[in-house]
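Quick note: the sequence shown uses our numbering, first residue 14, plus one each step.
Take these hints with a grain of salt, some might be off.
[Said to hold, decoys possible] Beta-carbon label-pair distances, calculated as ranges: (1) 42 - 125: 37 to 43 Å; (2) 42 - 123: 39 to 45 Å; (3) 105 - 40: 24 to 30 Å; (4) 98 - 150: 19 to 25 Å; (5) 92 - 152: 24 to 30 Å; (6) 40 - 127: 31 to 37 Å.
Calculated from the structure, these hints are not laboratory results.
Here a beta-carbon is modelled for each residue, glycine too, at the ideal position from N, C-alpha and C.
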Amino acid sequence: MDPNYSILIVFLTGVAELWLAIPLGLVLKLSPLSTAVTAALGSVTSALIVAFAGSNLRSRFLKWRYGSDENLKKGRYFKIWNKYGVVGLGILSPLLFGAPLGTVVGIIFGADRNRLLLWIIIGIIIWSAGLTAAVYLGTITIYPEI
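Throw the hints in and build the complete structure from the sequences for me.
This is the structure in structure tokens:
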């Protein structure tokens, strides 16, 4: 397959899900570095799209789901948010449920968009590097002929 198509496929898959893009990039014979960078760029792109498109939807969602900000602040999720905050969400969301959904959660809880994006991008970089290393090293250990 043409490497340009492979990079495009990994990028678009990274937009949807970082965890799927990295093994796919290695299966498509991209280098670990280009796989990690391309998948991370795709995931960052999706977080940026959600952050800039989704901030206007916050008030509508809160009114529909909770009725007001006060009802949101009484819930279990808000208590978790207060415990871990933007940093915890940014670092863990690419691992647990993906950068786009993590961005949505942060926006719903009223995080500062720029701070949220900074920490989500840091989380994406950490997890893309870690997952790429783990998948690559695991693959060459189990299948050294590849």
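Requested in this report: Quick one: which hint numbers does this structure break? Sort them smallest to largest.
Outcome: 4, 5
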